[in-house]
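Novice: Spelled out from the first residue to the last, the chains are:
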Amino acid sequence: MTASPAPSTALDLHKQIQSGQLSAQALLEQTFNAIKAVDGDIDGFLHLAENQAQQTAEQVDQAVATGQPLPLLAGVPIALKDNIHVQGVRSTCASRILENFVAPFDATVTTKLNAHMLPIVGKTNLDEFAMGSSCENSAYKLSKNPWDTSRVPGGSSGGSAAVVASNQVPLALGSDTGGSVRLPAAFCALYGIKPTYGRVSRYGLVAYGSSLDQISPFARTTKDLAALLKVIAGFDPMDSTALSDEVPDYLALCDQPPKQLKVGLVKELMDSDGLQPDIKAAIDQSIQHLEGLGATFQTVSLPHINYAVASYYIVATAEASSNLARYDGVRYGLRAEEAQDIYHLFTQTREQGFGTEVKRRIMLGTFALSSGYYDAYYGKAQKVRQLIRQDFETAFEQVDILLCPAAPFTAFKLGEKVADPVQMYLTDIATIPVNLAGIPGLSFPAGFDSSGLPIGLQLLGPHGAEGTLFSVSQALETASGLSNCLPDVYKQQGVAV
Amino acid sequence: MTHASISQDDVKHVAKLARLELDDAEVQQLATDLSNILGLVETLNELDLEGVSDTPQTSQPALYRADEQRHVYDRAHLMRNAPEVDGQFFRVPKILD
Chain A
119 MTASPAPSTA LDLHKQIQSG QLSAQALLEQ TFNAIKAVDG DIDGFLHLAE NQAQQTAEQV
179 DQAVATGQPL PLLAGVPIAL KDNIHVQGVR STCASRILEN FVAPFDATVT TKLNAHMLPI
239 VGKTNLDEFA MGSSCENSAY KLSKNPWDTS RVPGGSSGGS AAVVASNQVP LALGSDTGGS
299 VRLPAAFCAL YGIKPTYGRV SRYGLVAYGS SLDQISPFAR TTKDLAALLK VIAGFDPMDS
359 TALSDEVPDY LALCDQPPKQ LKVGLVKELM DSDGLQPDIK AAIDQSIQHL EGLGATFQTV
419 SLPHINYAVA SYYIVATAEA SSNLARYDGV RYGLRAEEAQ DIYHLFTQTR EQGFGTEVKR
479 RIMLGTFALS SGYYDAYYGK AQKVRQLIRQ DFETAFEQVD ILLCPAAPFT AFKLGEKVAD
539 PVQMYLTDIA TIPVNLAGIP GLSFPAGFDS SGLPIGLQLL GPHGAEGTLF SVSQALETAS
599 GLSNCLPDVY KQQGVAV
Chain B
358 MTHASISQDD VKHVAKLARL ELDDAEVQQL ATDLSNILGL VETLNELDLE GVSDTPQTSQ
418 PALYRADEQR HVYDRAHLMR NAPEVDGQFF RVPKILD
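As they're listed, the protein sequences go chains A and B.
Residues in the first sequence are numbered from 119 upward in steps of one, following my numbering.
Residues in the second sequence are numbered from 358 upward in steps of one, following my numbering.
The hints are simulated quantities; they were obtained by calculation from the structure and are not laboratory data.
Watch out, some of these pointers could steer you wrong.
The list that follows gives simulated cross-link-like pairs (lysine-lysine, DSBU-like), each with its CA atoms no further than 30 Å apart [to be verified]:
#: 1; chain 1: A; residue 1: Lys259; chain 2: A; residue 2: Lys535
#: 2; chain 1: A; residue 1: Lys259; chain 2: A; residue 2: Lys398
#: 3; chain 1: A; residue 1: Lys531; chain 2: A; residue 2: Lys259
#: 4; chain 1: A; residue 1: Lys398; chain 2: A; residue 2: Lys535
#: 5; chain 1: A; residue 1: Lys133; chain 2: A; residue 2: Lys259
#: 6; chain 1: B; residue 1: Lys373; chain 2: A; residue 2: Lys501
#: 7; chain 1: A; residue 1: Lys535; chain 2: B; residue 2: Lys369
#: 8; chain 1: A; residue 1: Lys609; chain 2: A; residue 2: Lys398
#: 9; chain 1: A; residue 1: Lys501; chain 2: B; residue 2: Lys369
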């Protein structure tokens, strides 16, 4: 399968709406038609929010009719991962325990999307509570990779990636705790960015690993991605970890080509035995593109990066065991009907409500925090996290950005890795260190392997360097032509046509 | 440290702490899975961590907010998701005899 650009991007659609060539309501109708035509094969959406989306589209058309200027991206339909709250719409987190939970308030990102008048069309599938790398841990459905529906879209934000890559919507939000946006972006030929920790408010994102979680956007072009991050980023008094620095004009930065860029290649990720040869070739291709722009390259070492997965699976699960203690059948969510006393109300509710992977992570995290094991596991993992952070700091004293794979391989088959949790965890070897360090990472399409499956690479920068990542990503997008990539079969059906 | 091996009794103890009621098949599977995962985690023992801080650095100092009431949600609105209420409180099985 080859990629060729579809005619419209999110920013083009927005411009057409602003100029009156296209009405937001017509675009929304087209979107729901595309969802009805396509999503039966893809299973990206868990549920739709037609009424709310319709109201927002009407608001946009009224603003156009009365000559009001539209905010950035107004009228462009967007999908949200089902762990981000939209008031009055269910947030199931793809878990039985929240099957009927209706969000009582808006996430801060939802408030911002509403202020910018982007119709939120529905909520997308994920690994239960965002725990997984393939989207196969959903309690409800198996999302498929639009480039090959026998393969996974990646996880945990697999539904969001799948609906953008199958041309149902041009934009989506996911969340990235250990690679949950960058991995599916890579598997589905999308652009995705995990911003600096704190750049986007986590208020209204259902917590998994709070020191790692970050709401993160998907798009099919760098500029659409930059525009969406601009809309959702910024300080929020409701999240004490939100960064107070001003949000730069990411869209303008896309058009400022990097000058005298120093790029580091991560030795430990390039030398890895498990790296698929096609991915190595895609890296060489990207190096050539950037050399054409005057960039210089050097190899840098991140000596502790191979310990990142081990550190992550203690830190993240410890935080998860605490965050998921709130699901007890008392205040919201599922309640076990037959429980006779309070202890069994808790244990039976959680037994019935959580899936296998969630239980595994709660158990691992509880063990790591338990008396007698805390120093040996949690304390040690935190120290290693510190070393990984320092590795990046040292690297960024020598280079401006790092270029590395997003994953060691392209999309794998549904069912291929479910039986072996350790193998599944190692999928995230190149994305996890970025969350541990809190730095931004952008995943971009860099070609296709010999089976026609998308290859994604990552650009990593120091804290707050999103603008640099966008400018490099735009330069690569222009050089490679890998813009608005869609499988042929979905080019005609969706909103971008 | 010896290679991690998690027994079924260990699993049952942790399940109690985590308030999970596991069936026998789950206990058995989790003993295997957790042992395998901790095998991976124990690669951390190769590192000399003497003198390394275990307090994560943050990008900015902690921010403090004024101690004032804000964002008051309506009680009935918030309790709409509750499995069982009496109009004012959440209902649970009897805690004390």
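Novice: State for each hint whether it applies.
Specialist: Status of the hints after comparison with the structure:
Among the hinted pairs, A:Lys259 with A:Lys535 is consistent with the structure: their alpha-carbon atoms are about 17 Å apart, no more than 30 Å. For the hint pairing A:Lys259 with A:Lys398, the CA-to-CA distance comes to about 33 Å; that exceeds 30 Å, so the pair is violated. Restraint check for A:Lys531 and A:Lys259: satisfied, since their Cα atoms lie roughly 16 Å apart, inside the 30 Å limit. With a C-alpha separation of about 23 Å, the suggested pairing of A:Lys398 with A:Lys535 holds against the 30 Å cut-off.
Pair hint A:Lys133 plus A:Lys259 does not hold up; C-alpha atoms about 35 Å apart against a cutoff of 30 Å. Distance check on the hinted pair: B:Lys373 and A:Lys501 sit about 28 Å apart at the alpha-carbon level, within 30 Å; holds. Distance hint between A:Lys535 and B:Lys369 is fulfilled; the C-alpha atoms sit about 27 Å from each other, no more than 30 Å. About 29 Å separates the Cα atoms of A:Lys609 and A:Lys398, which keeps this hinted pair within 30 Å; it holds.
Only pairs whose Cα atoms come within 30 Å are accepted, and A:Lys501 paired with B:Lys369 is accepted, the gap being roughly 29 Å.
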